[in-house]
Each structure stands twice: as C-alpha cells, then as structure tokens.
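Dock chain B against chain A, hints included.
Chain order of the listed sequences is A and B.
Note that the first sequence covers residues 54 to 634 in the numbering used here.
Note that the second sequence covers residues 54 to 634 in the numbering used here.
FYI, nobody ran anything at the bench for these hints, they're computed from the structure.
Incorrect hints may appear among the rest.
Chain copies aren't distinguished; within one or between two, either way the pair holds.
What the hints assert, rightly or not - Dumping the calculated DSS-like pairs for lysine-lysine here, alpha-carbon to alpha-carbon at most 30 Å:
no., residue 1, residue 2
1, Lys201, Lys311
2, Lys564, Lys272
3, Lys55, Lys201
4, Lys433, Lys385
5, Lys201, Lys272
6, Lys564, Lys634
7, Lys193, Lys272
8, Lys154, Lys507
9, Lys83, Lys545
10, Lys201, Lys318
11, Lys201, Lys315
12, Lys507, Lys55
13, Lys116, Lys545
14, Lys629, Lys564
15, Lys193, Lys564
16, Lys363, Lys433
17, Lys507, Lys553
18, Lys553, Lys629
19, Lys193, Lys545
20, Lys116, Lys55
21, Lys154, Lys545
22, Lys311, Lys55
23, Lys477, Lys55
2 protein chains.
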Amino acid sequence: MKTSLRTHTCGELTANNIGEKVTLCGWIQKIRKLGGMTFIDLRDRYGITQLAFNAETNPDLCKQIEPFGREWVIQVTGTVAERYSKNKNIPTGDIEILAEKITVLNESLTPPFTIEDESDGGDELRMKFRYLDLRRNPVKNNLLFRHKLGIAIRNYMNNIGFVEIETPMLVNSTPEGARDFVVPSRLSHGEFYALPQSPQTFKQLLMVSGFDRYFQIVKCFRDEDLRADRQPEFTQIDCEMSFITQEDILQTFEGLIKYIFKEIKGIDIEPIERITWHDAMKYYGSDKPDARFGMRFVELNNVLQHKDFKVFNEAELVVGIVAKGCAHYSRKQLDELTNFVKRPQVGATGLVYIQCQEDGHFKSSVDKFYDQNDLQAVAKECGAEAGDLILIMAGPRMKTQTQLCQLRLEMGSRLGLRKAGEYKLLWVVDFPLLEWDEETQRYYAMHHPFTAPKPEHEAMLESDPGHVNANAYDLVINGTEVGGGSIRIHDKELQKRMFKALGFTEEEAQKQFGFLMNAFQYGAPPHGGLAFGFDRMCSVLCDADTIRDFIAFPKNNAARDMMLGAPTPISDAQLKELGLK
Amino acid sequence: MKTSLRTHTCGELTANNIGEKVTLCGWIQKIRKLGGMTFIDLRDRYGITQLAFNAETNPDLCKQIEPFGREWVIQVTGTVAERYSKNKNIPTGDIEILAEKITVLNESLTPPFTIEDESDGGDELRMKFRYLDLRRNPVKNNLLFRHKLGIAIRNYMNNIGFVEIETPMLVNSTPEGARDFVVPSRLSHGEFYALPQSPQTFKQLLMVSGFDRYFQIVKCFRDEDLRADRQPEFTQIDCEMSFITQEDILQTFEGLIKYIFKEIKGIDIEPIERITWHDAMKYYGSDKPDARFGMRFVELNNVLQHKDFKVFNEAELVVGIVAKGCAHYSRKQLDELTNFVKRPQVGATGLVYIQCQEDGHFKSSVDKFYDQNDLQAVAKECGAEAGDLILIMAGPRMKTQTQLCQLRLEMGSRLGLRKAGEYKLLWVVDFPLLEWDEETQRYYAMHHPFTAPKPEHEAMLESDPGHVNANAYDLVINGTEVGGGSIRIHDKELQKRMFKALGFTEEEAQKQFGFLMNAFQYGAPPHGGLAFGFDRMCSVLCDADTIRDFIAFPKNNAARDMMLGAPTPISDAQLKELGLK
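If we strip away everything but chain A, and leave its shape as in the complex, we get (with noise of 0.2 Å):
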C-alpha cells in the first residue's frame, strides 16, 4: 500500500523495520504527553502506529504539533525505534516512529463524537455524520467484512459454472407483492419505471435463454415501511439455475454455505437438517426456527381437554414448553412471563405455569382445575422432568403457535440458548404455495407468483388450492430467514392457472407478465432458484442486531438519508420537464 505519500501504513511496522526510515499518513487518534515526551497514536484502515517526539532533542517539532488535535490529517517521516513499554494489543505494538519531520494534510474539527470502538455518539448524530462513523473500528470491519463476503461469494459461484448477469434497474411496475418505488418517464409523460424489487422474471428469463446457471449479487427495492431490520433498498445474492430439481439447488448452495462458514468464519458447519414448514410451525410455531436450543412445542389438547377448563376446553390448540430446571421461578419471573406474552407486540391473554418440583409435586397455576395425577400426565406428555418448568398457552391454532414461539424465544435467551458464535442452520421446505388474505379475501402466493406446485399436487390447484404445498424452501440460521426460494413453473398453461388461482383476470395477467408467460411458449427449461439477503447473511454470521450496521449508508425508519437529507423537493422545471406539474 506503498503511494507517493507514504512508504508504509499504520498497521504494518514491527520490530523488524527497526532502524528503517519511515514515512504515514493518517488520523490524530490521540496525543498523550508524558514529561518531555508527547506521543501520538496515528491511525489509518489498516492501524495504529505510535509517533514520539522527544522536547529536549526536537524542540522545533514538538512546537509544531502543539496546535494538532484529534482528527487531524498528518503525513510523517520518521525512524522506526523499539518501543519502551510495548503493546501486546496491536500488530505494530514492539515499535514507534522517533518522529523528524511532520507535514499537515488537513486540519479537523473536534467531531462531534469519539471515533472509538464505544462511540458517545447517539444513532441520529452518528447517522448524520456517518463519514465519521464510518472511522470507528466495529463499522469499518463490518464493511470489510461485508466485501470479503462477497469476493468469496462470486469466486465460489464462478468456480461452479455460474454466470453473474446484471438485469436492469428501470423495469415496469407491477402491483403484486410490495409496494414497487416509481420513476416517471420525461419521454413519454404519465409513464413510469418501477425499481425492481428483485430480478426474479428477469432470472427466469436467463434460464429460457439457457444460461443454465445465474447469479446476480444486486440491489433491491422495496416500499414499504420500515422495520428495524429493513431498509428501502437492500442486496440479495439471487441465483436460478436449469434443468435441476430441488435436491439440486439445496445441495449446490449447501455447498456455499459450507465454503462461506469455512472461508470467512473458519467454522466446519454439519449437514443442513431439513425441516417442513408444517412440523416448524407445529414444534417451533414459525416458519424460521432458532434450532440452537430444542424446547419443542408439545400439543396438550389431549391431556388437557378432558376437565372443565373453559379455556383450555374452547381452545383450537393447547401448546406447551419446556425450560429446563425453572421450577424454582419465583412468583415474580413467573409474572414476568405472564406480562411477556401480554404485550401487545405478543398479544396473548394470559400464560398457564407447572411447576415440576423437586420432590415430585407439581404447583400450577390451574390447580383449582387439574389435579395431580393430570399434572403428571402433562408432565409425561411434555417430557418434563423434576426441577422443570411447563409453560403452556392456548387458543386459535396459529395466533397461539406465534404467540408461544415468541416465549420460547424469551426463555431461550433468559437461559442462555442462544449463543452468539454457535450456528444452526436449517433448510425449511415444503411450504404451502398459497395463503388466504382475510382482509382482501384472495389467494397470495407464499413465495410468487411464479412457485410451482409440487407435481403431485398440481391438480388439487382449483379444487383445493390452500392445501397446495410447494418445492420451495428457506434457509434459516439462528431464528433468521436468510434465503429462500423455490422451484419455478415453466409451463405456460400451469403459469395461467396460478395466476387464476391468485384472482388474476387473463388479462391482468398478460398485461403483468405476458412477456414472461409468452418467453415460455419458446422452449422454457425446467429451472429453480433462490435468493440470499446479503445484508441480512453479514449480520447473521456476525451475530449483530440489523443489517443497517452493513450498509455504508443506510436510511433511517422514514427512509430518509440523513447525512444527504435526501429525499428533497426538486424544482419547478424539473417537475414540469416529467410532466408533474
């Protein structure tokens, strides 16, 4: 890293360079005086290096850096000298750089927050001067990280024959799935491009044209409100590829993930275990299981059904968990959990407790209804043993399977079973290829519009369209949805019954995805793919919150840039030459 300012970085020198004469550049990182002594800690991408400037012997130099504070940009020549009292913490920590000539590159305000690893900054300030957030060690690792990642993702996907296409960014909108983000056309007024929210006809359409094998690592948009773990445009890794079946495709990109868990976290994972959707939703009551701890979901409706328990009685499910050793919860964590699920993030309307005491008694807080030999059987029926704790929950079959899984989340972590560096990884496979919106009264498609059926149950598509499963799959690791995809449909009549399954007039249809639908009646291959959330993938294989912390420059919950203030009103003749105004 050798330029015409420099001979070397900060993160380079060591006690081999003794001796040598030397030139960096960087940041002020921090000035400390001791007697005669000042020392500076300079610091660029790749490091610190200390600088020394003695009083007694360069009076001149140590004037010239009374002035320097911290951020200031200086250039340095100097002799690299064993270090008094070393650091063992950093790479250059055996030497300093006995400073003889000191040039100023620019000067810097005080920033207005300390660029360490722990910042005094808060998000909105830091967000807003992000470029100096961007100093800080954990924000610049997570983009090299993040570029690391993809180098190794590309390498491996050439390797294996994939072709990385870029399919464009100005497409046409189209109103099923999330909201599309427009942009009028100046050409043809009152016409407009959608940004795309993936390539995924796009893709499909590679696959007619016999790329075989595609990847794309791309931009994505979506406009939507925010959550925390969103962001109105974010990357995905999408891949397709031809004449496979889902084995294929769960296989080839089992084999990246292994590659990236080796490559970047220096982790051998196991095989993948697979898991439906029907037994994720029954044993973890969701679609993207943490399956770093078991505490499986145990139906009681059998053991629970039988005594005059209104609630549990009236109730489609009867559902409960086991955390392990909790007998001993005080009244008040017991309180605790019961004020969990009520929540209105959870939403429940109350939590049932047995306690499986050490000395074989069970304490519950039905007890009016069941007595002990009804405990026991829950007990046996649960698994649990002595010293255990049963928590169990109740109502209409899927709100109690959510509501449980966020419980058993909480008790997880509460015990410690979700731990960051362990990795669980899990394909979740045969999803339903559609489900019914109450509120409009329509078939959506689970995945797209584009899902096949499995074969088996392609002909149930009119007759019975909500027990239709599908060859599409997610990957889950920790709790979080990292990929998922499915096997396409290319047949051209098939295409028009889903459509029709999802309340598309054929002419709706046509006029969305004719171009798609007329691409099949020209030798479409049988094809499948899938699509990993890149930002999301950074953050899950480094154990961090929100996939913000990956993006260089992300937007806050509003969708707002808050270092550019973008959006911003445009002017009059701009707005007049789209023809807006």
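Relative to the frame of chain A, chain B by itself:
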C-alpha cells in the same frame, strides 16, 4: 454441471467417453434426416452434441421425435459412440449419442427469427424477444465475457487492497451535470430521491472515512437523450484512493489494465503512452485520439497564409493531414472525401487537397492561388513524400480540429489502419479544469466540480479560470474513452472557490453539496480516483460497435425496454399514494 436431470452438458463429451451411457438436456438446434437416420443437434450453454436416431433399430423413438421442432427442450438418454463423419469445428465433433430414450421437457413455437450466429431477425424483433436473441452464440458469449471480466477485475482490485463498498441508489438530486432520474417519495409528498449519476460524492466520503482504497462495480443512471452508444442505465467500475498523487493512480490502474489484457485477451500491452489534452487536440483534434495510426495534424498557417487565398488567410487555423500513398486518388474519391466533410455530422464548408505525384509535381485544388514552390513547402512541412495525399481544412481552431479529426478517422478506416484486435492505449492528461459555455455564459467543470486544479494553477482560479489545468486524466483505447478521473479537492476553502468559479452562490453550493463540504472540515485526506465504463470496456475489448451488445436487457434509443414494454402508466391508486394526483 451434472444435475438430477443430466449426467453431462452438451459441451463436454469426447472420444474419451465412447461407450458411456449418458443423459443430456438442451434445446433442439437442428434436425436432419439422412436416409434411415435422423440427427438432432442438441444445444445448451456449453455446446452442441449430435444425437443419432436409427429408424431401423429404433422405429418407436423415430416416431416419437417426428413432431419435434427447433427450440424444443428435451432430455435424452443414450450411449456415446464414435461419429462416422467427424466435425472438427466443435469439441464434441468426434462423437454422437445413440439415443435410447427421449423426454420432452417443453415444446416451443417456431421462434420469430433463427437462433444462429447470423440471425435473420431485425434489431427491433430481436430486442422484443431478447430472451431468444440471448440464445445466439455471439450475444451469449458477450455476456460470458462480461462476467469473466468482472470476476478478473474484482479479484485484481481485492488483491491490491481495494474494498468494494456499495453506495446508495436512492440519493439526492443535483442539478449540476446531466439530468437525474428521480423517484417520488411516498412518505414525504413533493420530495424526491434521485438515482445516482455516479457514486462520486460517496466515494469521496469513503476516503474521508479512511477506507483508503475503494472500488465498486455499480449501476449509474443518466436521463439523457440517447446516442447509439449510451444507455439510461450503465455500469461503472468506480475507484478512489487516498494519500496519493496522480502518478500513483496512473500506475495503479495501468496495472489493472495490463492484467485485464493479459488475463482476458492474452495480450501483453506496452507501457501506456501519455499525451496532454492540449497535444491531443493539436495533433488529433480530439481528447480521445485513435492512436493505432499516426496521420497527425500539421498546422499550416505559416506556409499557407502568405498568398491571396482568403479562405486560408482569414482562418484561425489551417491544418492538414497526410494520407500515405493516396496521391493517386481519383476525382471521384476526392469528391467523396469532400462530401464526407460537408455532411451535417461533420459540418465543414470544404476540403483542400494536394496530390504529391510520383514525378515530383504537386496537383492541388488550390492551384489558382499556390504555385509548385508553395505546395512543396507545404509537403515539406507535413513530411509528405511522393505518392502521398495532403488533406487540408481551415476555420475556427476548435471546430476545424474536430472536423479534421473526423476526416482523419475516415481516412484511417479507408486505409485499414484501425485494425480490430490491435490495441493502442493512451493516458490523456492535463485536462483544462473548466470549459466555457457560450449559451449559458458560464464555466462548467470539464470533469466534475470536485476536480482539483493543478497546485501551480490554483492562484489563477479567479483571475484566469479558463487557463487553469487539472490533474485530470482519461484512459483512451483505440479512440474510445474507456475511463477517466482526477485528483480531488480535499480542502473546504478550495472547494468553495471552485463552486464560486462555477457560478454557484454560497447558498446553492451549501444546499447541494453541503454534506461534502462539511465532511471536508473533519480531516479529509488527499485523494483521487477514476471510473471506467464497464459496458464500454467490454465493447472496446471485443471490438464491438455498441455497448448494447454487452447488456443483457438494454433499452432502445427512446429509453424503452421493448421486451417489458417499460415504462408504463401506473394506477391512480399508486399516483395518489405518491402525491402525484
């Protein structure tokens, strides 16, 4: 590339596989009947393999394939056999598959044009059915080339310490420069994002952040009226470095370019020559000279303004080129050249020629005004020899240079001096910082408003802005600008002076680029960079006429996607939600 549906691809079987039972998938390229034999050429991305069907030994199979047509997708199982008449032109030409079982994976309508290297389809038809056009070898190979080039560039940049960082696509609109595509905000009616024309300000901010070496292969957008070689969305290889001088940048990217030529084309290129912008204009009439051939301009004011020829005497510039060995040009050929320069695209009023005849005599279109001695003086000045043709134009300096440049290129083409497969690279350096626009009566930045004046010219920024040069540079290959960049301003005060020179009020500058100028207050390092046009680099390296050939789904000259039909009207509900109704 084995999958559940095939054991091999159509490009890999050779004599080594004879006797093996294989399964292939692909598209039917051609069906031929020869007596009792039917042959099918089966095509996939990897190649073509011949399938053989014997009516005598396998009548049922022959019956099954009878309805098959071009572009049907089939799966075939059979045994590899030596071919009777070998095809030396393809890797699989020694073998054929004795077909035993066929499955139709998809039928195909007859494609609207032939899927051959030379297609019978017109441009518009092929764009509309781009997914079929992409099946053709030349188009397919262009995209494979682009992929390969992308991988090579990324690995080279990674190896020399550059980090790929994604910058946002939803940014703020800046009226300076080309027209922006804008994106209405749903959350803030009346406000707009813009799609980036380049990540220029972001990469500078990343330098302020200390990333030291950044690159990105990234989509950029310009809402301009399209010329043949422009697209509304295009891809840049965008790069920036800190703590460098212009020399570091030229060396670094000369390294990249050398690597690309060696790795991708197998060509060792010579050290890249440098020419100043001033000399490029003087000797080639262009800031992107095609230097595969000489034919340099010779200024002839001194030797041609002493006689009574008003056209020359009143001209700011009289300038000529020598066409070697063209003295024999006929009246008709000379008229063609005159007509060429008179075309509206060139716009000259006339052309003067001097034929340096083999016998030592000169014949000229201005014999009335100049005698043999005069013409000999011109020939001497030009270095023309017996047998050469001198072509002379006159008029205002810049205009005449530009016109003669076009004639020079025309002559280069006529004389076969612009050879495909021969590459002449140039760094054009020392661009003027500003260029004057007559229409708006103001200076515009020749590169962009962040380009630094040469330090020795800085003082003239107010007093003589038109003569300030910049450390700005373009890479030119065979007359095409493939990339360009500059050393940037990293000082807030200098940036302010620059905006002032461009006619910005302080308010306008602050409003549009405040975030960048603010960033410069917090320790911006000296930095600079460049960007290559990725699409254009592909086309130049492949001697192709247009970048469109290297884009999977390009737009036409009206910025429409002919396949999608984009842009399109959007629904009233969408317009309303965006505050546009």
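We went through each hint and held it up to the structure:
Proximity of Lys201 and Lys311 under a CA criterion of 30 Å is satisfied in both settings, with 16 Å inside one chain copy and 24 Å between copies. When the C-alpha separation of Lys564 and Lys272 is checked against a cutoff of 30 Å, the pair qualifies both within a copy, at 25 Å, and between copies, at 28 Å. Taking the closest pair of Cα atoms, Lys55 and Lys201 come within 30 Å of each other both inside a single copy (22 Å) and across two copies (29 Å). In this assembly of identical chains, the alpha carbons of Lys433 and Lys385 lie at most 30 Å apart only when taken from the same copy (26 Å versus 105 Å across copies).
For a Cα distance limit of 30 Å, the shortest separation of Lys201 from Lys272 qualifies both inside one copy, at 18 Å, and across copies, at 21 Å. Proximity of Lys564 and Lys634 under a CA criterion of 30 Å is satisfied in both settings, with 28 Å inside one chain copy and 23 Å between copies. Proximity of Lys193 to Lys272 under the C-alpha cut-off of 30 Å is found in both arrangements, the shortest distances being 21 Å within a copy and 23 Å between copies. For a Cα distance limit of 30 Å, the shortest separation of Lys154 from Lys507 across copies, 25 Å, qualifies, whereas the shortest one inside one copy, 73 Å, does not.
Proximity of Lys83 and Lys545 under a CA criterion of 30 Å is satisfied inter-copy only: 24 Å between copies versus 67 Å inside one chain copy. For the identical chains of this complex, Lys201 and Lys318 are neighbours both inside a copy (11 Å) and across copies (27 Å), given an alpha-carbon limit of 30 Å. With identical chains, the CA atoms of Lys201 and Lys315 are at most 30 Å apart both within one copy (13 Å) and between copies (25 Å). In the homo-oligomer, the alpha carbons of Lys507 and Lys55 lie at most 30 Å apart only across protomers (23 Å), although the nearest pairing inside one protomer, at 58 Å, exceeds that limit.
For a Cα distance limit of 30 Å, the shortest separation of Lys116 from Lys545 across copies, 26 Å, qualifies, whereas the shortest one inside one copy, 80 Å, does not. In the homo-oligomer, the alpha carbons of Lys629 and Lys564 lie at most 30 Å apart both inside one protomer (29 Å) and across protomers (21 Å), since each shortest distance falls under that limit. Taking the closest pair of Cα atoms, Lys193 and Lys564 come within 30 Å of each other only across two copies (28 Å); inside a single copy the shortest separation is 46 Å, beyond that limit. For a Cα distance limit of 30 Å, the shortest separation of Lys363 from Lys433 inside one copy, 23 Å, qualifies, whereas the shortest one across copies, 113 Å, does not.
Taking the shortest Cα distances, Lys507 and Lys553 sit within 30 Å of each other inside one copy (17 Å), while across copies they are farther apart (66 Å). Taking CA atoms no more than 30 Å apart as the test, Lys553 paired with Lys629 passes between copies only; the shortest distance there is 28 Å, against 40 Å inside one copy. Proximity of Lys193 to Lys545 under the C-alpha cut-off of 30 Å is restricted to the inter-copy arrangement: shortest distance 25 Å between copies versus 48 Å within a copy. In this assembly of identical chains, the alpha carbons of Lys116 and Lys55 lie at most 30 Å apart only when taken from the same copy (29 Å versus 71 Å across copies).
Taking the shortest Cα distances, Lys154 and Lys545 sit within 30 Å of each other only across copies (25 Å), while inside one copy they are farther apart (74 Å). Only between protomers do Lys311 and Lys55 lie at most 30 Å apart by alpha-carbon distance; the minimum there is 20 Å, versus 36 Å within a single protomer. Taking the shortest alpha-carbon separations for Lys477 and Lys55, only the inter-copy value of 29 Å comes in at or below 30 Å, while the best intra-copy value is 43 Å.
When each numbered hint is compared with the structure, no violation occurs for any of them.
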